[in-house]
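Given these sequences and hints, build the entire structure.
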Amino acid sequence: MNDFPSTKYQRGKIFAKTGIEVGKKYAWHYLKSLANGHNNRADLHKKTAEEVFGQFTKLKGTALKIAQSFSMDQGFLPDEFSEVMTQAQYRVPPINRALVRSIIKRELGSQPEQLFQEFETEAMAAASIGQVHKARLKDGRQAAVKIQYPGVRDTISSDLALARILMKRIVTGGSDIDPYLEEVKTTLLRETDYIAEGETINRFHKRFSSDDLITPEWIPELSTNRVLSMTFIEGVHLDEFLASQPSQQQINHFGQLFWDFFHNQVRQKGEVHADTHPGNFLFTPDGKLGVIDYGCVKTFPQEFFNDYLSLLPVHLERDEQKIINLYKRLDVLKAGPESNKKETTYLEFCKNYGYTFAMPYLEDRFDFGDKEYRELIRGYTKNAPITNEPRGNKHFIYTTRVHLGLYHFLMRLGAEISTKKSKEIVFDVLNK
Amino acid sequence: MDKEKKIKAKIAEIAAQRYVRNERFTYKSAARQMGIETSEVRKHFGTRASMLSYFYDSRIYLYQEHAEQLDAYNDFTLSEKLSDFLLFLFDEFGQHQQFVLKTYKRFVIKNEKATNFEVLFKDQVKKIFESDGQISAPSSLILSTAFYSSVYYKFHAFYHFWSSDESEHQQQTMALIDKWSSFVEEIFYTKIVEKGADLGKFLLYNSPLKKILHK
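The listed protein sequences derive, respectively, from chains A and B.
Quick note on our numbering: the first sequence kicks off at 1 and runs consecutively.
Quick note on our numbering: the second sequence kicks off at 1 and runs consecutively.
Quick caveat, the hints were computed from the structure, so don't treat them as lab data.
Mixed in with the good hints there might be a few duds.
Computed Cβ-Cβ distance ranges for the label pairs, DEER-style [stated by the list, open to error]: (1) A:Leu242 <-> B:Gln98: 52 to 62 Å; (2) A:Ala125 <-> B:Asp75: 13 to 23 Å; (3) B:His160 <-> A:Asp139: 43 to 53 Å; (4) B:Tyr189 <-> A:Arg412: 32 to 42 Å; (5) B:Gln98 <-> A:Glu120: 50 to 60 Å.
Think of the CB as a built atom: it goes at the ideal place given N, C-alpha and C, for glycine as much as any other residue.
Dropping the structure here:
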């Protein structure tokens, strides 16, 4: 651990500094675009994003999570942010080996050698508020042990208060970001509770472990609030899978599993795995899809969930009045399009973007490898007219994160999917 | 840790437990709990105070034993070795918290002469620094008796932080030690002074001024 700023003052300084940098860049850009008369924000966003996240990583988990939650195409943070952030996640400074031992000793009562047959003190992966170590249990099973950085829970509230200052600089106008931050706070605090996560692991294992899907099993006797042990899943991540030059058939196989996992969650109307980040999914050697990391799961209120799902049939029908009503219910449109130009712009965007999102369900099969489709989605994310203003029900943070995560994953995979059954699932759930 | 040290450490731990229950515990009660003769306890410790203060000395011996048994210890960086040492001591303190809170000032801080604990502590810190191969040459110039004393005083400051740390499992103390160790490592591993000296030397031999002077 190199740079974890400990006091509120120190963290405040980092935010202030970031705020200043962001402000400076935008001011410079504004002057430049005035002089040149054109507007090339992409470069600027990228530069700004790099600076912001350079600072953000020093705050370890909290700020990173906030940024993550806000970025995944929330429509009010530029796309470039998420790119830099994804890299940032892997740059979070590690917990040193001595501290790892000490945490295990304090939390589980003995040194790692006494508790495990083998324990790798070098972390195998970084988690947002801790890191994961590989181990072998006394009974021979392989395990993944997640360790939380000490005191991280205590810093969440103050980090969020500071993040609010930063966010206010990026988000335009007097938009109300507080409900979003509150939502992030609740989720983050929940993520620090490793016992709750262990119980979630168990619930998902019962619900989804099958011939096609593999999820870890919780090991409660080696878990506490800050140490979480679970069975290890052997497999590779998306990038590594693609690097192995798999056949189109293999690609489609895994893509279908991924798509079906998403829709099975919809069918069961229960908790949803809300962190659709490629790092949370594994391609196992025996052809199963591994789903790991249950820190961020969500149960949506019934009304919101139904409204969100209704977006599909409504967009497929292309009935403008129904679309307007639904987006109003979802707090995306503040008034009818007749009221002002801004709302018209929003409506046009929602109509087109929503329809693009519904496209995979138009026919029985859909090819996510289609380059044109990828460009289309990317175009909407990049050129959204609504950047920098938070809109929509706060639960959108997670539904869009899951949904976009799903699409991005499948597009990167280049999978062709059968969508017939999944469409039936959505309609079934809505008609019940 | 030899056999005698082990027995003495065990006696000191039992004495620490008894002291929390009754400050005027007897040799006899400590011996009985340990399952040995009172005379053997007397053979190791002339006074009850020496028995209690040995609790602190023996924590360092226990640490040395722990470090020897740790396979990865030699690969540890400076910050890992430092935090390992300090965290170990506070883990031990935590297991005898009431005793430490009651006696730390008396046996460790308020002593005109250097206590054994102080000598052992500084020796251990010295060993950690001197055995580290990555410390840059100019930084190593800081290493001196005064420096090791300053680390020792820092330890008292950590003690104060720890004694009022109300977080669960005293996590905040862990975080503080971790941050401090990382900071110290940063200072000692920095190449900035080395690079500065290198640049200075280069400029000295290649400055335009020198060329002018030689003309």
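Status of the hints after comparison with the structure:
Remark: the range hint 52 to 62 Å for Leu242 (chain A) to Gln98 (chain B) is upheld by a beta-carbon distance near 58 Å. A hinted range of 13 to 23 Å holds for the C-beta pair Ala125 (chain A) and Asp75 (chain B), which are about 21 Å apart. Checking the proposed 43 to 53 Å range against His160 (chain B) and Asp139 (chain A) shows it holds: the Cβ atoms sit about 44 Å from each other. The given range of 32 to 42 Å is respected by Tyr189 (chain B) and Arg412 (chain A), whose C-beta atoms sit roughly 39 Å from each other.
Under the hint 50 to 60 Å, the C-beta atoms of Gln98 (chain B) and Glu120 (chain A), about 36 Å apart, miss the expected range.
Against the hints set out earlier in the document, a violation occurs for number 5 only.
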